[in-house]
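Residue numbers (my numbering), protein chains in the order written: chain U, 1 to 223; chain H, 1 to 413; chain C, 1 to 963; chain W, 1 to 86.
What the hints contain is simulated information worked out from the structure, not anything from laboratory work. A couple of the hints might just be wrong.
What the hints assert, rightly or not - Here are the computed distance ranges between Cβ atoms for each label pair:
hint	chain 1	residue 1	chain 2	residue 2	range
1	W	Ser15	H	Ser11	54 to 62 Å
2	U	Asp70	C	Ala670	27 to 35 Å
3	H	Leu6	C	Lys339	45 to 53 Å
As the list claims (entries may be wrong) - With a cut-off of at most 16 Å between alpha-carbon atoms, the simulated EDC-like pairs for lysine to aspartate or glutamate come out as follows:
hint	chain 1	residue 1	chain 2	residue 2
4	C	Lys124	H	Asp105
5	C	Lys131	H	Asp105
6	C	Lys142	H	Asp105
7	W	Lys34	C	Asp340
8	U	Lys119	C	Glu697
9	C	Lys353	C	Asp340
10	C	Lys26	C	Asp74
11	C	Lys130	H	Glu103
12	W	Lys2	C	Asp244
13	C	Lys878	H	Glu401
14	U	Lys5	C	Glu805
15	C	Lys158	H	Glu103
Model, not experiment: these values are computed from the prediction. Just so it is clear, CB atoms sit at the ideal spot from N, CA and C, and this is done for glycine as well.
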Amino acid sequence: MQTEKLITPIAHAFPVGSVAWGVINGMQVVTRFVGSDEEEARKEFLGIADASFLGKFGVKGRNAAQWLQDQGIVVPEQPNSWAGNADGSLVLRLGGSEFLIENAPGGNLCEKLLKADAKPAGVYLVPHVEASFVLSGNAVQELFAEVCSIDLTRAALGVQEVVMTQFAGVSVVLMHQDLEGEARYRVWCDSSYGPYLWEVMAGIANEHSGGPIGIGNYFSAYK
Amino acid sequence: MPLRLLKYALSKDYPGTRFFKAHETPKKSYDVVIIGGGGHGLAAAYYLAKEHGITNVAVLEKGYIGGGNTGRNTTIVRSNYLTPEGVKFYDASVKIYEGLSEELDLNLFYSTRGHFTLAHTESAMRTMRWRAEVNKHVGVESYVVGPEEISKACPQLDMSCSGQAPILGALYHAPGSVARHDGVAWGYARGADRLGVEIFQNTEVLGIDVQGGKVAGVKTSKGYIATTKVLSAVAGFTPRICEMVGLDTPIVIHPLQACVTEPMKPWLDTILVSGSLHVYVSQSSRGELVMGSSLDPYEVHSTRSTLDFVEGLTSHMLDMFPFLSNIKVVRQWAGMADMTPDFAPIMGKTPIEGFYLDAGWGTWGFKATPISGKTMAETIARDHAPDLIHSFRLSRFEDYELTGEKGAASVGH
Amino acid sequence: MSARLARQKGEWVNRASTIKFSFEGKEFSGFEGDSITSALWASGEQVLGRSFKYHRPRGILSLANHDINVMVTDGMDTNIRGDVVPVAAGMALAAVNTDGGVKKDRSRLIDSISPLLPVGFYYKAFHTPKKMFPFWENIIRKAAGLGVVNFNYPRILKRKLHAHCDVLVIGGGATGLSAAYEAGKSGLRVVLVDENAQLGGSLGFDWGGSQESANLLQELLAKLESLPNVSLIAGAYAAGYYPDHLIPVVTREGITKVRAGSVIMASGAFEQPPVFRNNDIPGVMLGSAAQRLLHRYSVKPFSNGVVFTANDYGYRVAQDLLEAGIKLAAVVDLRSDAKDGPLAAQLARRGVKTIAGSCIYEVQANADKTGVKSVTVTEYDEKTNEALTRDKVTLECDGVAMCAGWAPAANLLYQAGTAMRYDYGVHQFVPNRLPAGIFAAGRVNGVYELAQKVQDGARAAAQALLHIGLDVPELPSVQPSTRAQSHAYPIVPHPKGKNFVDFDEDIQVKDFINAAKEGFDNIELMKRFTTVGMGPSQGKHSNMNAIRILARVRGVPVEQIGTTTSRPFFHPTPIGHLGGRGFHPHRLTPLHDVNHKLGAVFTDVGAWKRAAYYKVAGLGVADTVLAEVEAVRTKAGIIDSSSFGKIEVHGPDAALFLERFFTGNYIPQAVGSSRYTMLLDESGVVVDDGLAHCLAEDLFYLSSGTSNAAAVYREMQRWQQIWQLDIGLVNVTGAYAAINVAGPLARQVLSGLVNISLDDSALPAQSIRETEIAGVPVRLIRVAFVSDSTYELHIPTPQAAFVWERVMGAGQALGLKPFGTDAQRLLRLEMGHAMPGIDTDGLTNPYEISAEHAISLDKPDFIGKRSLQIIAKRPVKKTLVAFELDAGYAGEMPFECNLVIRQGEIEGRVTSIAYSRTIGRVIGFAYVAPEHSALGSRFQIRADSGALVNATVVSSQFLAMQK
Amino acid sequence: MKLLTCPVNGTRPLSEFVFGGECRVPPAADCSDKVWADYVHNRHGAPGIKQEWWYHAPSGTWFIAERNTLTDQVIRTFLKGQEGKQ
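Based on the provided sequences and hints, a complete structural model is requested.
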């Protein structure tokens, strides 16, 4: 990967000047929005971070599940559920026969899969360049209550459920994950809606004393 | 204060008499049976009696007169359509409307306010010009205006629409009016009643007797009525009536919703429509803002209300009029609209002899009330549709000769 | 004179905090917790507003959010409801519907000419002569309406939230609290909402002289406190019922859209006024209003009053009034059997006489009509419902409490589809058949006794839990009260009228009788003709009496009259709440910031923001666009086309899928080549067009315009469901950015960046190659949309900006310039490309745009084929032609959609037109009659002014005309 | 807002769906012009239980809903071809 070729799809929504830019996985991203104390405080209330730089890989088709299994990937059994691979990467089953795989922080599973042998019949590559978010905090349900009309409380979400719904009028994929000792929600949306959705969610986060924070607050690999 | 009102003060007993008689039991037969006691059915009855001397007519209304879309619409009358045949037809309606209060001797509050169809996009501007040019050609006063003229007519309008959809211009239609919708039904009912037409409320049509491809009678909740001519002038129920004679039409029923605010002192003098924001609004003579939006997106045969309708509509109202935040919506309601694929009505004869259709009025029925009544009366009386409604015939679909009103709706998508 | 009582238990006002405000220019003070009305009433102010039609002075009616005549403005906001809106410091209030102030309202004269204005008067005059109508209309419009709208009122967008619960309880009185407790014991999510500032409903004000209610309230609240899963929300009204148990709950802060598993309607009942002459004089109020004043605000409703009752409730009110130290001149009871009852005896012990079998025949106002002077009491014949006026008794008093009965607050029950029946025991409508998941309890069921309300609430809760699948025992049903809580006909006729049924709209008894006389004797017609129930309180205090009067007029039982339809909203709801903070999603291309830096002015194309043109200092828009065009024609231009639709069709049946979906041929299509695609609908109308690029035998890459991309992909998915071919569809619109480099130097710009040959032989028109630019994978397509020499680069989105910079760098020395959608439209016109949506409309078939070349009718099938076979047999009605205006034309420029006119008739219209500097002419597309479509045919375009402009049909190869 | 249950994604508000019209089977291509025109333009528009196409936009799922168009009650939903399966 050469640096500076990739820019996070959310870039347009980030403020100019006050934030610290950096490069993660070859993608230009904001690594810090405010001072680290303030970011930690925001995270308590309602933190939102850009995780778009995590490599993604997708396949669909009637033989997609089998092929992934052949590659040693853990395949979630149920439609609309997710599983974690040993290396921390995520495997989301989107409906019945489509899969989204996202690298673990620092991982490179997706690059490997992309280079894997020619796909057999019934396995079709799906390019993924979504904008991707991490959300957490005490007020996260209040954000959901404003942007989404379905019940996303932990009680309502099954443990490993993947939800395809709409946030503020935009289609998203959502899942919930307890990681590094805290409850986090992951959200993906089409990259062209990334800046818009960031602005909406970061705006609501601000109203709840939260706001944008660097990804290092969530993944210690990027501290 | 007009002297006409003096009689109410001077007479001991209230001098009002029934607008229409309370008929209970229909006769055994009529020359013509009209299904539907809304504006269209009553107008057809009135013109049958008045212009064609056919007075042995029964109007059958399932509920109460004017209780369907006549009493549910947002009362806008205009003729700024797109196709020449559409413009001519609605213009003829406007012309009748202008003298209708006097003709029926009932104040319909026909109020000419001017009508702006706002354009927020270049493609909408193209359509406005298209309509303006066709209107002008037919002799209807419509033209494309710029933002300044809109601001002058409605200085309260936020021309940027809160930055969401800046207004580039509008189609201005001078004859655009509003009227008291109930009054139109009552006026025609009274007029028809006085000429001998019999109006039956709470009378439901249960079936239509067709023998050898010809209408023979109507089965109703009040017994069988023999007749050779039946006009279906219902809205929302056309497919059910057509089912009785075994006829499929392109009509699909979609709810159309509206809502109204608390009264306020008059400030909005014009009628405003925004296709992009899906809003049409005028201020009633009572001071309420009467507002509507686009059709519900799928088929439902009921007049239920939805919250998303009123949420969307009010959100766009605020884009246009930011100062209305604390003005309150009192009531929302819905009507059932007969939608056709080309957004034009279906009028005239059908493959069943003696079965006439006045249908497919979608969202444009109220404004056509007088002319539809007049042309359907002629169609029934002569068993031949006048040229004015030739383009609206049912057979146009089989002939792939649709009318282009929807053409405009999808221009520049 | 202060009407404030000494501090009492449970009062809502905070005496530690005094609020100063003004009303109609006069200074007042109240306490925090006061409503505007209670603060004014406490200060002795009784004329708080003027009525809608006759401008009669009005005071308190209900104190329950339907005192429509007491609407005030604070100069900023309008139509503020004094009876429920809290008074705030510094408010400068005035009544809304007056001409010259509430005291000296000049419009009060209308009251004296009211005989001229019978029901529906406006239908009967003003329309002849026709030319006078606008004059009268102007007067009527100004007289109607309530408050004046403030055009400077700020745009306030409230947050709108979604919430989910298992059981929603509407109403926080004894019944609702009991229901919430019973449901809450399950541990499920229970939400209770109540519109009042504090919970308790009538427990908080209907004391009947004892502490029973207050104690029960404390007890219920304490029990509920122990259940953390129950949320009790005061100051929140359920605004309506929508399918699948969606209930918007409105507070001052905004709307919460609650989705409930089941709903308990414990919404209580509205007290209904008896109808008698001058029942609207300030000081005449509902008994419940008097109790609210007493116990919520500690304000005396009057000091020497009369209770006019038709039920036992009136005696509770009388007891409360006496407890507060108010003198009672008498209790007048419509019921003749009330005379010797225990309630009358109780009052007698306190020195208050009960005049049974009697009515208040009329109220006399004091000299300045600001209050009550006395009432006239006569005997009342319950059989004929007439006042027997031979013996009139006049009682001096300064106020009347009216207790004639109730109407269920069943609005949401009706909206949910509940069938109601009239119960002749309790004399009200009660639910007969409830929809699934909806449960009614308490007064809406006709249950009035405290203990029974508690029981009914618990019963409904058990049913609600059963409905959502809990295994709980059913509780015994509770029957409606057998003693009438409402009078069957509390209407006192009076020859002089002014006995109001609807206070919103000033509708008197005779208005109903007269309306019926004119044939409006159906409840809905009557409503429309009289406007009863159409005011802002939506009939809360008037519909029931209207039904009773109509039943009487027609001589039929009440249930035969039926009720009018109930629609949302329960209370009028602000536009700023409903509209709320809206979402306006929009899409940005990955090159948005790059475009912005280059001076792009953006335009909306569907949800996308696209660059329309790139601003150049000192140059007008038209010239800017022409300069962008010129760069493409003479050197090279670059455009961000990332919003184009892009779809991949994978799999062995990919070509077959295209065959069936589009009109053209794709079996076989050479790998590396591109072909035109046209999509029709089943009726043969042109929907969209684009290109199919063959990347491999089993992989097609489709590109199309921006606007239809999502819909076309959706349709593909649907047809695939039907056809079940061996393919995979992938929408890659967001995954790939697209950049077009066009113009004679385009090849030169790119040749140094890619490692493949761009020669015509290696990369002919309509072909595609996969290559790289600076290590970034790129799909390179040779298209000819804006220029013969155009290369389209499809790049993974995150690398788009990187590649754009590389291309710009390579083109800098060659004069490469960015161009926007405005230039693109002119460029494609110069190229002679018609565009669906611009040059077609919703009915255009391919023959009308001479697209036969794109149609393979010899294929087995494709969408729209069968219709085309029919259309092909019919004469073509119009033909799209390319045209030019005469060389050097300098007259009025026609616009798109100006008409083509021949011999005074419409022949067609212009669909595209522009001045092309490249060609030196005005060129365009237009529809003309097929017989006039031959090259060289002349036609005329009518410009906006009416001027006819000559045009000539030419070949669409406009560039060939270039001099 | 009304709820609809996508057979794959579960119960969602109607705003997440696009209505795709009634499921109708076209007549054979060799039918008469009249029969085809009838198929293209006419509908049996009377209320009743109909099978309709619905699309869940966030997931791109087409499915069929059996709905009473009079009451707007959805009786069941299923993926095309899986009508009988649970």
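Each hint, compared with the structure:
1. About 58 Å separates the C-beta atoms of Ser15(W) and Ser11(H), a value consistent with the hinted range of 54 to 62 Å.
2. For the pair Asp70(U) and Ala670(C), the supplied restraint of 27 to 35 Å holds, since their beta-carbon distance comes to about 33 Å.
3. Taken as a hint, the range 45 to 53 Å holds for the pair Leu6(H) and Lys339(C), whose Cβ atoms sit roughly 47 Å apart.
4. Distance restraint check for Lys124(C) and Asp105(H): the Cα-Cα separation of roughly 8 Å lies within the 16 Å cut-off, and the hinted pair is therefore satisfied.
5. Only pairs whose Cα atoms come within 16 Å are accepted, and Lys131(C) paired with Asp105(H) is accepted, the gap being roughly 15 Å.
6. Distance restraint check for Lys142(C) and Asp105(H): the Cα-Cα separation of roughly 24 Å exceeds the 16 Å cut-off, and the hinted pair is therefore not satisfied.
7. Of the supplied pair hints, the one linking Lys34(W) and Asp340(C) is violated, its CA atoms being roughly 84 Å apart against a limit of 16 Å.
8. For the suggested pair Lys119(U) and Glu697(C), the alpha carbons sit about 15 Å apart, so the restraint of at most 16 Å is met.
9. Simply put, Lys353(C) and Asp340(C) have alpha-carbon atoms about 11 Å apart, close enough for the 16 Å limit, and the pair holds.
10. Using a Cα cut-off of 16 Å, the hinted pair Lys26(C) and Asp74(C) holds, with the two alpha carbons roughly 13 Å apart.
11. For the hint linking Lys130(C) to Glu103(H), the alpha-carbon distance of about 11 Å falls within 16 Å, and the restraint holds.
12. Pair hint Lys2(W) plus Asp244(C) holds up; C-alpha atoms about 6 Å apart against a cutoff of 16 Å.
13. Annotation: proposed proximity of Lys878(C) to Glu401(H) holds, straight-line Cα distance about 12 Å (limit 16 Å).
14. Using a Cα cut-off of 16 Å, the hinted pair Lys5(U) and Glu805(C) holds, with the two alpha carbons roughly 10 Å apart.
15. A hinted pair counts as satisfied when its Cα atoms are at most 16 Å apart, and Lys158(C) with Glu103(H) does not qualify at roughly 49 Å.
In this structure, the hints that do not hold are numbers 6, 7 and 15, in rising order.
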